[in-house]
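Asker: Taking the hints as your guide, dock the two standalone chains into a single complex.
Chains as they are written, first to last, in this note's numbering: chain L, 849 to 965; chain P, 493 to 1088.
It is possible that some hints are incorrect.
Unchecked claim - Here are the simulated distance ranges between beta carbons:
| id | chain 1 | residue 1 | chain 2 | residue 2 | range |
| --- | --- | --- | --- | --- | --- |
| 1 | P | LYS595 | L | SER919 | 52 to 58 Å |
| 2 | L | ASN916 | P | ASP716 | 30 to 36 Å |
| 3 | L | ASN916 | P | GLN776 | 42 to 48 Å |
| 4 | P | GLU609 | L | SER919 | 29 to 35 Å |
| 5 | L | ARG864 | P | ASP888 | 40 to 46 Å |
| 6 | L | ARG873 | P | VAL526 | 46 to 52 Å |
| 7 | L | GLY909 | P | ILE921 | 38 to 44 Å |
| 8 | P | ASN927 | L | GLY964 | 21 to 27 Å |
These are calculated hints, taken from the structure and not from any lab test. Backbone N, C-alpha and C fix where the C-beta goes; we use that ideal spot for every residue, glycine too.
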Amino acid sequence: MAWNYTAYILWKYSIRRGENIINFRNFMNFIFVELGMKHRLFFHDGERDLCRDLEYLKDLGAIELVRNDKSITKIIVKELLGEIAKAVEDFPRKIKTRLFEEYLKRIDSAIDVSLGT
Amino acid sequence: MWKPIIGTGIFEGIFYDLVGYYEYRFNRDIGREVKYEKVSDYQTIDPIYDKIYLPKYIRYLMLLPITSRLSEIRQLAHTYLFLPGASHSRLEHSIGVMYRSTKILKKLKREYKLKIEQNDELIIQIASLLHDLGHPAWGHALDGITGYVVDLLKELKFFHLFSPKKLDIAITIYLLLENEQIKRALETCYYREKANDQQLHTPEKFIKFIAQIIAEEEFPLFSDLSDKDILRRAHLLTTIIGQYEKRGGVNTDRLDWMIRDSHHAGILKKLSDEQQEQFIQFMQQNKNDSFQIKCHNGEYLDIDQDFKKLMDSLRKKIYKIVYEGLERSLIDSLLTRLAYTVIDIISQVGDQIASYSTKIKAVMGYLLMQDFLMKEYTNRILSIAKGYSHLLMGDDKYREFVNKSANLIDFFDYLPCIIDVLENNVQRIHNPKINMSFDCVNLDVYDKTILIVSSQTLSEILKRVLQNTKMKKEVALTNIYNLISASRSDIYLTLDIPLLEYNIQKDINEHIHNLNCHVLANYYFFRRIDSDFRDIKTLNDLYRYLEGKDMEKTPYLFIIFDRALESDEERNKVTEIIFNQIFMYFLPIFHQIDSK
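In isolation and in its complexed conformation, chain P is listed as follows (with noise of 0.2 Å):
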């Protein structure tokens, strides 16, 4: 258990810290400083799309600080190390999506006379702007800890446990239900703007309306908005900004992000030059709105098939290239464990010197804070943990990890010059001994080494571990899905990343002087695995999978070591450790459980 030391105040000060942040800045109202009717409707310039008009309350949301700290998130967070103007806000973006459902909302109603309630533009409107409001800072290097942030809310007796691949949903539904500022600043848009209608005749209804729109589930979140026709309205709206597994949508969400992260990024540049063709074409589709739109029933939307194959080939290939690259993979990994170590530190101090809402708003507050204050705030979290790292729960091996991550802050700092090497410098080496290959990266100006277990290698570690085991194909795949869709939800837990590091350092430390090594999960692995599972039926499908090109640059494990590696004998050495390790893992799942 942890251990209060009361009087040093060594944890809770910071703790606190981060409830007063949340508390301050986010959760007050607002009402006395920024007063509805001496807000105006406003008209701004967008980078995409050029003037854009705002209505009076998005305006009037827009001026809260929960909502405007999403001008200070970037929206593709730590890109702009390798390409450099993708530097563009979250705000922009939600500004943009605004912006598109609007005009879809019109044409609906103009050439295709659906029918459209008198609010539904003020709905859309709202829930455009509001639907990144949950996003952390850093992107989606956070999204690796979904499952342990949902963890924490299910305990609020309201919450919704949703599948661990919506981290900012599962943070903008907490918001729209428990955040005093935004509750009563769209309280006070309900009733300056007469939003009441049959359906929506409660501010709390209105509220949930938006909340189920922005988590795109096609069944009511709540009992209040299980009526036929809300149901209706409410699938018509959420297929305009987003879509439903499989059903569809217009997605304005994407038709944005796709048109804007392109035009800041530079991603055209990325793609060969067919790939360029097809991309202009799109964009041009794209931005003009000259896409067939369906609905079906008068109830759900889609894009005609055409345009939305174009759009989901251009997707798969710019997150292959860009999002889920050997660089952000590299980067993201890094974050997801240094915000992962810090989310477990907050979660304990908070079991010990507060109440479980409390506990939520310290985690809150970190998690809501600008791309550089989470930097700050990791750093110090870090830093005070690792110089009183005995006071926390776990044991050494929990200690150990908690301290390597503190000296990954240094590394954090290398990355920029990291990166613009990393690509060509890696290189294949082979160890004869286990006949295994890895990817190395030697960073020989800044005395480093990344080793590489890639997709491939896994696939060959897997083989291995299959041919000592007796269970059934079937069984063996679904164990592995297991795997997956628990990573997806708490890739550090699932993994046991810190006795998976305290075990090949404990192997390292007999055979080598002074090195030490750092392992960091890629959570894109896991994402691009489960996207793409509906096509895996067989271990033999998924083997080719994972031997395949598509997955060549999204490695499932990064190991940083402090020092270069000097030899090929230490190499070698250090590569064995690694396979018998993660061997040694993977072994109990394919285990048989006796029923008995």
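Chain L on its own, in the form it takes in the complex (with noise of 0.2 Å):
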């Protein structure tokens, strides 16, 4: 799991996009293509590892999930995941830290790299 990191991709691509109601495709794309083979960070095995962490943020009342079927096709971002982003951010202030600090610095860039800045 790797939901704190998560929480704060879909809050930034969020923000950026000027969106609240995220298409999952595009957003998978964003994790896998662009933070992935571009940025070379990862933190998901997989889709269904990215599912398991959006699930658990719905369980926190982050997001909601819209459905096709089983699948997710749209995710709806709520305030409460702004905070949890801000928390994830606020860290490497509060404690020391290494590669937190240069996961955040990654996604910042990757999404300042995909999505203009």
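Answerer: Written as structure tokens, this is what we have:
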């Protein structure tokens, strides 16, 4: 599980796109192609692993998931996700970390490159 | 900053020893020493599966020092201290995985009529043999420094920043892409065995394909593997040896270690009668491959749910009782600290006197040593560091931490005796002033005390910290998970153990005469809670989990005192100091930072 990073990525992605309803396929493409292949950062083994994080965030009340049959088609972002993402963003200011910061940097940079600064 | 001492060669000598060890043993081309054409097919005997046929290319790869080192690393690290049979090597396991993977591949071809490419048998055998290539000595004790090592590797442009759960995989990928010995040997296999096919038409692509399988990543690690058909093939082969989270896999790696570890270590006897029966049933099904394999879209494999359920429940029990129990937690917490201190010193020295890639080679030289040699080098490096800690970067707290790590080498030598009496000597002590309980092991014979900050004690501390904050519960839970995920990556830095130890010692010095403490953080605590976190969705869930029976023997911290605590008064003072210092560490985490 990497639900804290998933929350951070989703929130930043949603803010940068200016949308609170996110197309799941586009988001997945961002996670595995932009962040994974282009920025060489892997948090999830694959689609199902990512879905598990989203289910967790749904259970926390941070997002809603829209499905077609069993598959997720859309993610509706709620305010709580922003608060969770901020906790992730602030964490390296409270506690010494090394990779944690590097992960956040790469996520920010992938968002800048793929969605524009 | 590190202060170089020109001319003395104090640290430089040992630094270049490590570089030389890596370069000479593991990075040299052995093409002139081992001629491919002179190697033959071979039949070996395995304690579990009896005769195993090793094709020429597998035999050839086994002759490389980088691969044969696996024969000098114990699969279960220091478990042999309390289960003497647990002395089998990682090479034995790797050969077992190769055997099981080959059998599964043949079964898929024969019974499931799956499309298997001509070279897939060779690929799955090589990937199986090499799946633990980068496994460091001391087993999973070094998983606690994964983040530190991955952080060092991140400067290499090609390098993929994996999640901090895969130290052995990160090092294996580094070796497959950077190590001359294994790269050249794989090129030789590729050309001699005519392993080129339409999809893998260069040796580079062939090696990357093997790396993709070992990494257990569903999406392509390399852009030239993004073709749909190549990925389909990678998914099929990956789900033979390993699995994808949530999606599953046959996982011959797990099938082999469960049967092998239990055979050697006698783990079965640690289970209840009912569990033993289940285990015997599982072993029979496992060994005979008498479980159903499911295949989705000719691409992803999995095993039938009943067998999988049985395997998962037994695996959890083994982890709880043996791999992450009290004994292994103490041993591996000590080893994690020693290795963390040593790698930090190597890295500091490397920053001053060598290029980036040379520094990595020195770190690899240390990590890839055999079990016994790693202890020797740890001892040497820490002894030098103790004598010259004033030359190291960092403040007094850090230097004291290094000195105390050096002192712990003596404790390492005591370990067999301590482990022998550990479990039966744990006493719960209560401090009425702070109304808090700790576990305590008095080792009177060795004149030492070990205080254990258990998961239950931590739960109580967290409750009190959170009573002092106004943070929203979901945000507090996020911060706890941040702490878990950062600690899994770099436990000593995240928990700031040098500072915690320094502060505890400072307070002790003010109240108690002549008592030194050494703090050890338990990586397994974080690994367990991380893997179970999907069921923790509220703070109450968290407290229940921490206070539950499952976490009883996987503590958060061990604090070793260099003499036995003599009286209740002394124990109460010490536990009060420890409580205060841990409380102070946690408090800022739950303090809301203003957006401005």
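Asker: Hint by hint, note whether the structure agrees.
Answerer: For each hint, the structure was consulted:
1. The hint said 52 to 58 Å for the Cβ distance between P/LYS595 and L/SER919, and at roughly 35 Å that hint is violated.
2. Restraint check, L/ASN916 to P/ASP716: a C-beta distance of roughly 33 Å satisfies the suggested window 30 to 36 Å.
3. At roughly 43 Å, the beta-carbon separation of L/ASN916 and P/GLN776 lies within the given 42 to 48 Å, and the hint holds.
4. At roughly 30 Å, the beta carbons of P/GLU609 and L/SER919 sit within the given window of 29 to 35 Å.
5. As the Cβ distance of L/ARG864 to P/ASP888 is approximately 45 Å, the hint placing it in 40 to 46 Å holds.
6. Between L/ARG873 and P/VAL526 the beta carbon distance is about 50 Å. The supplied range of 46 to 52 Å therefore holds.
7. The hinted window of 38 to 44 Å between L/GLY909 and P/ILE921 holds, with their beta carbons roughly 41 Å apart.
8. Here the CB-CB span from P/ASN927 to L/GLY964 is close to 56 Å, at odds with the stated 21 to 27 Å.
When each numbered hint is compared with the structure, violations occur for hints 1 and 8.
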